[in-house]
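Engineer: The chain contents come next:
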Amino acid sequence: MTTFIDYLLGGFSSGAVIALFALALVLVWRSTRIVNFAQVGQAMFTTFIALAVQVATGSWILALLAGLAAGAILGLIVYALVLRPVQRLDTSGSIIATFGVLISLQALASMIWGGDPKSFAPPVANDGLEIAGRIWPISWYDILVYVVTAVLVVALTLLFTRTSLGLSMRASAFNPEVAKLSGIRVNRMLAFGWALAGVVGAVAGVLIAPTASLSPNSFDILLIFAFTAAVVGGLDSLIGAVAFGVGTGLVLALVTGYGEAGDAPIVVLILLAITLVVRPGGAFGRGKSRAV
Amino acid sequence: MLEVKQLSVSFGAVRALDAVNLVVPRGEVTAVIGANGAGKSTLMRTLAGLVKPASGSAELDGIVITGRAPEDIVRSGMALVPEGRSTIPELTVEENLHLGGLWRPSAERKATSAEIYEMFPVLAERRRMRSDTLSGGERQQLTIGSALMCDPTCLLLDEPSLGLAPLIVTQILQLVSQLAREKNLAVLLVEQNAVTALRVATTGVIMNLGHVVRVGSAEEIAADDELRDAYLGS
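Chains as they are written, first to last, in the numbering used here: chain A, 43 to 334; chain B, 67 to 300.
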């Protein structure tokens, strides 16, 4: 039983980071109806920038802030330079363009920082805590990850449901023409959606780097997990992305714990396939929201 | 006052609007009527900035609005209520209403929305519900309310009666003419339902194949059987 609990606890922290990546995918999907496969590439790139700041200043907070700023800027650049020009094409054109961005960012990162894995020092201890005479697979760093994730999710929810900016963004996503006719600067809202997704992805990157190593390809596998969580959650739903992001983390931990670590991605992909067959709209999606 | 001067629009080789001239004074309803394909909706969409004109211009209270982006045209005081009740189903009634005035300072926006809720009590009752739970007539009230949120001086209404029961149509159109008088709005109303539209309008404009073929007082046009047979097919 304690092993089971150990596995679950371990799954929660990777789940929190997957949830953040899934949130970033949902934010982009909500604003521009594109699945941004470059999201993890952008996060990798901004995490390298954060690492450079940490090495230079020794401050984790400064590194995080640099990562956030870089995430917003890179999100805007990708949207303005790549996605806006190709959006006049069809959807598949946009998706292929995001893959192009991913590959370019990875190549660029290899050129600047090299392909060797680098370590990213955590701001607080990442060793298992000893409670009641036993060491648990949860550290102060894991707790930091939960807190940052929770704060971000609450902040995003409030932004979307309680502010004029959030309402403008939702209206621009649901019906750009009606939004324009209401006086909303739709293009600005879409760009803001990409910037916001860049920030969320950057946070995820900075949070996960200390628990693994950082290399140009180290986040690739997270793309599959985050994509699955976002799709199963309904792509439009922030709650769905978070719930299934954490859920994916738990599944991964259990499969890795009781089976082979190499089986985990396959199990997640099988879950994705089953969802697409059984509920194409996702668990939190509305199957026929636009019958008219 | 809205003044349209020699406005032309082309879609490829098709001339959808051909040198349209039009004056829409404040405080009254000007009805544009005509059969399908007469260019009525194109006129509205061009005025709202959704379609770029080939030539000509439109001025709102002396300021040229043609060539500007739709969101800037709304902000300069002209709101379009598009065809087919354009509420966003995923948003609540209140959110849909507030959409129209998000760019205004929140105190002004709240004052206007209080006024609109007073005008349409049914919207106030349902403010927290999703807008797709409203009936067709209620949804039309919501779209008009949302257009009023930008505190316009000119209102463009594209076929507000489409798909509504006759009794509701009469109510909506009476409301429109009351709005024009009480808020001193310049209202441009496009309708296929000519008889009802001319009943609330002061001036009637008949369009056919992208041309304005006749401008006159609403009574005069309503009484002209020949005109009706030729262009309205009813």
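Please note: incorrect hints may appear among the correct ones.
[Claimed, not checked] Coverage of chain B stretches by chain A, computed from C-beta distances (three or more under 8 Å per stretch; other residues unrestricted):
1. 135-141
2. 157-165
3. 168-179
By construction, these hints were calculated from the structure, which means they are not laboratory data. C-beta atoms are modelled at their ideal positions from N, C-alpha and C, and glycine is treated no differently.
Engineer: Each hint needs a verdict: does it hold in this structure or not?
Structural biologist: Hints and how they fare:
1. 135-141: holds (count 5)
2. 157-165: holds (count 4)
3. 168-179: holds (count 3)
In the structure shown, no violation is registered for any of the earlier numbered hints.
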